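Asks: The chain contents come next:
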Amino acid sequence: MNRGGSSPSAAANYLLCTNCRKVLRKDKRIRVSQPLTRGPSAFIPEKEVVQANTVDERTNFLVEEYSTSGRLDNITQVMSLHTQYLESFLRSQFYMLRMDGPLPLPYRHYIAIMAAARHQCSYLINMHVDEFLKTGGIAEWLNGLEYVPQRLKNLNEINKLLAHRPWLITKEHIQKLVKTGENNWSLPELVHAVVLLAHYHALASFVFGSGINPERDPEISNGFTLISVNNFCVCDLANDNNIENASLSGGNFGIVDSLSELEALMERMKRLQEEREDEEASQEEMSTRFEKEKKESLFVVSGDTFHSFPHSDFEDDMIITSDVSRYIEDPGFGYEDFARRGEEHLPTFRAQDYTWENHGFSLVNRLYSDIGHLLDEKFRMVYNLTYNTMATHEDVDTTMLRRALFNYVHCMFGIRYDDYDYGEVNQLLERSLKVYIKTVTCYPERTTKRMYDSYWRQFKHSEKVHVNLLLMEARMQAELLYALRAITRHLT
Amino acid sequence: MEKMSRVTTALGGSVLTGRTMHCHLDAPANAISVCRDAAQVVVAGRSIFKIYAIEEEQFVEKLNLRVGRKPSLNLSCADVVWHQMDENLLATAATNGVVVTWNLGRPSRNKQDQLFTEHKRTVNKVCFHPTEAHVLLSGSQDGFMKCFDLRRKDSVSTFSGQSESVRDVQFSIRDYFTFASTFENGNVQLWDIRRPDRCERMFTAHNGPVFCCDWHPEDRGWLATGGRDKMVKVWDMTTHRAKEMHCVQTIASVARVKWRPECRHHLATCSMMVDHNIYVWDVRRPFVPAAMFEEHRDVTTGIAWRHPHDPSFLLSGSKDSSLCQHLFRDASQPVERANPEGLCYGLFGDLAFAAKESLVAAESGRKPYTGDRRHPIFFKRKLDPAEPFAGLASSALSVFETEPGGGSMRWFVDTAERYALAGRPLAELCDHNAKVARELGRNQVAQTWTMLRIIYCSPGLVPTANLNHSVGKGGSCGLPLMNSFNLKDMAPGLGSEARLDRSKGDARSDTVLLDSSATLITNEDNEETEGSDVPADYLLGDVEGEEDELYLLDPEHAHPEEPECVLPQEAFPLRHEIVDTPPGPEHLQDKADSPHVSGSEADVASLAPVDSCFSLLSVSHALYDSRLPPDFFSVLVRDMLHFYAEQGDVQMAVSVLIILGERVRKDIDEQTQEHWYTSYIDLLQRFRLWNVSNEVVKLSTSRAVSCLNQASTTLHVNCSHCKRPMSSRGWVCDRCHRCASMCAVCHHVVKGLFVWCQGCSHGGHLQHIMKWLEGSSHCPAGCGHLCEYS
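Residue numbers (my numbering), protein chains in the order written: chain G, 1 to 492; chain L, 1001 to 1790.
Think of the hints as simulated: they come from the structure by calculation, not from any bench. The structure presented is a predicted model; accordingly, all values stated were derived computationally and were not measured. Hints should not be assumed to be uniformly reliable.
Here are the computed lysine-lysine pairs in the PhoX-like style, where the Cα-Cα straight-line distance is at most 25 Å [what the hints assert, rightly or not]:
1. G:134 to G:153
2. G:270 to G:292
3. L:1319 to G:171
4. G:160 to G:270
5. L:1698 to L:1666
6. G:464 to G:270
7. L:1120 to G:294
8. L:1751 to L:1771
9. G:134 to L:1751
10. L:1771 to G:270
11. L:1319 to L:1062
12. G:160 to G:179
13. G:294 to G:153
14. G:292 to L:1120
15. L:1153 to L:1111
Pair by pair, the computed Cβ-Cβ distance ranges are [what the hints assert, rightly or not]:
16. G:370 to L:1672: 36 to 42 Å
17. G:370 to L:1774: 50 to 56 Å
18. G:61 to L:1670: 33 to 39 Å
19. G:58 to L:1771: 48 to 54 Å
20. L:1149 to G:370: 18 to 24 Å
21. G:182 to L:1690: 32 to 38 Å
Positions of the beta carbon are idealized from the N, C-alpha and C atoms, including for glycine.
In isolation and in its complexed conformation, chain G is listed as follows (with noise of 0.2 Å):
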């Protein structure tokens, strides 16, 4: 975990990207350069965040109040961008953490392992390694799955189909977990677990999203390795120093280029909202758009010149180089389209049916206290928050650029808004931010740095974690509605 070091062995320590080990199986005489990045995170530049942090009181204050480590770490650092979202999640992160839960501790932390190894997270398996044991949990459970009680090993099946495939959650799940037995969980110790899970699953995507690095300096007092990968590839980082592969890149962007890009962002906004008033689309136009985006989705990923590898290579090689997986079973396991090809259809999640704030709040409060109350704030809070800036332009409504990022994240995992035009997302989001987009809340162990900076290049890096924290909260929501209203169906 040290980065300070120059030795080759520091480098051996960052994932290669199946990119690089393709390069570097053909030609084993490649340096890697060491990465250029410190500070919290690899994406953004040091002073950026620490600019901002050194003012800010109300950050400190509000570590003191609600970090469980009482430190202040890397997410917690770049977040503080944006210090009003800051408060909300830190006081529900805190509150599932140490407040009054059904849930033991221990077993808190361990859920959140679980789940931040679904994606290969070891920032966050780290940092709830180091809780786990400080909380009283038993260390031979790090040692894999196979050494926790059977209950927490049930558990396993919710949390792979929440990190990738929420949809195909269904009652039975719920069931077969609440069924009276010797391993059975309670409602409401289930429900704890889910928001635990459904909230480090979108942590991770942010962690990945923000290229949050590792904590400084670990404490390893326990006597405990720590998993010390950091799953950027050097490749990522190295382009630091704007030697841009233009092959890799797909494309030179000059500076002019992005600002008309922004222009044209600005352009098309402005052009939606007047549109809207006098033309409107028809009622089939409607709903074909949405699955077009849904199916266009499928693409996205697939078609990007940097990542178009086989399937297979992909995931071998992930199973392969992390340490993690010893927390999961079935790793192969990953996203899936909503909606495949040549597949049969599944239904459509119709949001307006199952909202978070007509059903889903009222059944987590109900199971889980007050748990509602902090996650309905910080949702609002996500959702509105808006300094109705743009890069470089100011009193600009982004109303609809939010409302575009928030459905679409819900679009991939088969949400669908009725009161929608999903012909906005694709007005709205260019393809190398769609990329980006399906990455983080997809696939976040893939995230490069390549991607982040390939998309608004004229905005500022506060705006690119303000969408990061979008869609954290999105994918959040729409794992917590998928798992709500299974439980939902199993109480009725």
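With chain G's structure known, arrange chain L on it following the hints.
Replies: Coordinates of chain L only, in the frame set by chain G:
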């Protein structure tokens, strides 16, 4: 009947009839609305939009408004409303934000009339003006409300709630221009339809979204609102500030609320999640619903009273794809099932007990139990004039006042503190406890202890010292001595009876024995009242209890050993008695076994009364030793423990249980033991006898109880430098990597007991500080504080 006749007039001759019925829909319903003629109902949902005729016995599908090849999102309804003036006019709110009006008078198959696509988000609610034919109001997720004139193609005016989303809009029934709207952020706004620029009034009604509201059909200013916070509130809007008149707490978030026609204080609610029932509340009785309809299997999404002047028919649609008509008289009334009883302790130990009058009357037989020791002081009957349910209104309130001193639990505290429960031989414990009990004037308890000692202690361990002790006691007390004479006189009689029964069988002996014991008791109790200094009422209570016990026990335990339980009131003869009677049952058990033995016992028994105490006892001991295993008494002891516990003296039960330990434990089931332990511990803690309670927990053998000591044993410490909690170890801080608690004397880290001065907060190892303060009165840290150690 009265109401029915009114309905008839209201409906102009046609009487509404029907029964509780339901019909299956093809899809889940989102909303329903009733036609003015009360004979048709429209059901709307995501994939259903149909009109049903309500007939006498069933619902009949009349019209399917979902026509066309392709299902359009315009037909996916979130809400539907039927115009109350025009039977042909309907409006729906679509989830995609479109407001559609329907004209049933159109000749074509497609009845769709107009389409308003002005809202950007889902429209949650549509509402027709109650008297104006062409005015329609809609409220949407986008935070806007729009007013449409159906003669025009677009909205007349737009109202911005300046908030996230509108959940409900309702025109006031009385005020022509007013409408109310509710919001997701908990606000309720009042608007004048002529002034779209700003709302007339706004207030926060709920915590979280307000899902619904309904104006009272008769009272001009009353508005009922229901929210996600599981509350229904009734507001008076006539005053300057909206005043909360009533508040009903339900068990789930409130999705719909509808005032019940012709019943000023009734409203119906249904919930959005979890709870499938429809409730009708009397807002003045906010705790128990007046009526409950339980037909639906999934959440109810729409409710409507069938006719605006008929309170007995309620229609409802549900997510379980069914449409129901509920008849009020078929509703279940939770109040009937509830036991309206209340119990409360006053500040000074008075006890108030309120119950339905019929209940009190019916169970007067149980009265002696509750009024055992305290006497009802007054008995008040109060009728609530506002109460609509005459039957439920009358409840009786009894207050039991504590008599001064009578309720004192001094004896409990003393006993708890002075009893010895462990650490000494059984005999000594018993004697000690007997002594304690006697000193507190609890003679029966004292006797029980003495008996226990005799039963369970092998004679070798109970040498004459003990006997001397008891003799001494008897002599010094004086009074018991007299008793013992008395009893001695009685005893031969008893003994002979026992022998009698041995020869004749047990049937007769029971009655005889019981009789005699009863007389014995009366005897004792006279004497005790005369001579004792204990409050009379307390003794009286005790005696009552005994009598109870006698009568309670005798039908089931028709055993000669019975008297033992009671007799041990007095010192000596009773012991003798114990020795005397047991052979009875034993003999009964194995009659063929040893006639000789019984004969010899009988001899001993008959000898006993005339013999001196000492000789008698020694004989009995020998006998005990040779013949009667302590197990023999376990049934008896068990009954005794149960008796004490029943009587409320759980202290005795637990103490005996602890002291006897293995000897009796197996005879009493685990759960009962646990129950006793927990009640005793609870009592002890109420009296703040922490040490005793802890001892009891420690000594208990029940696992559930002893683990009480393991709970919340963590002590959280904060670091003295950075003020953050120290999570891993108590003496070194993870954060600042410093040792937090240093001993001021030896300057080493304190890892065990840390004692510190509350004045200057310096401290250290307990021993060190103790030692230091022996020699100096100043703080060892040199801060100059004069520390005290106590």
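Asks: Decide, hint by hint, whether the structure agrees.
Replies: Okay, the hints, checked on the actual structure:
1. G:134 to G:153: holds (21 Å)
2. G:270 to G:292: holds (23 Å)
3. L:1319 to G:171: Answer holds: residue 1319 (chain L) to residue 171 (chain G) is near 17 Å, not above 25 Å.
4. G:160 to G:270: violated (41 Å)
5. L:1698 to L:1666: Answer holds: residue 1698 (chain L) to residue 1666 (chain L) is near 19 Å, not above 25 Å.
6. G:464 to G:270: This hinted pair holds, its Cα atoms lying about 21 Å apart.
7. L:1120 to G:294: holds (21 Å)
8. L:1751 to L:1771: holds (18 Å)
9. G:134 to L:1751: holds (18 Å)
10. L:1771 to G:270: Status violated; Cα separation ~82 Å.
11. L:1319 to L:1062: Given pair residue 1319 (chain L), residue 1062 (chain L) holds - Cα atoms ~21 Å apart, limit 25 Å.
12. G:160 to G:179: Roughly 20 Å between the alpha carbons, so the hint for residue 160 (chain G) and residue 179 (chain G) holds.
13. G:294 to G:153: violated (33 Å)
14. G:292 to L:1120: OK: residue 292 (chain G) and residue 1120 (chain L) at ~21 Å, within 25 Å.
15. L:1153 to L:1111: Given pair residue 1153 (chain L), residue 1111 (chain L) holds - Cα atoms ~17 Å apart, limit 25 Å.
16. G:370 to L:1672: 36 to 42 Å: holds (38 Å)
17. G:370 to L:1774: 50 to 56 Å: holds (52 Å)
18. G:61 to L:1670: 33 to 39 Å: Violated, at about 52 Å.
19. G:58 to L:1771: 48 to 54 Å: holds (49 Å)
20. L:1149 to G:370: 18 to 24 Å: violated (46 Å)
21. G:182 to L:1690: 32 to 38 Å: About 37 Å separates the Cβ atoms of residue 182 (chain G) and residue 1690 (chain L), which means 32 to 38 Å holds.
Of the numbered hints stated above, those contradicted by the structure are hints 4, 10, 13, 18 and 20, listed in ascending order.
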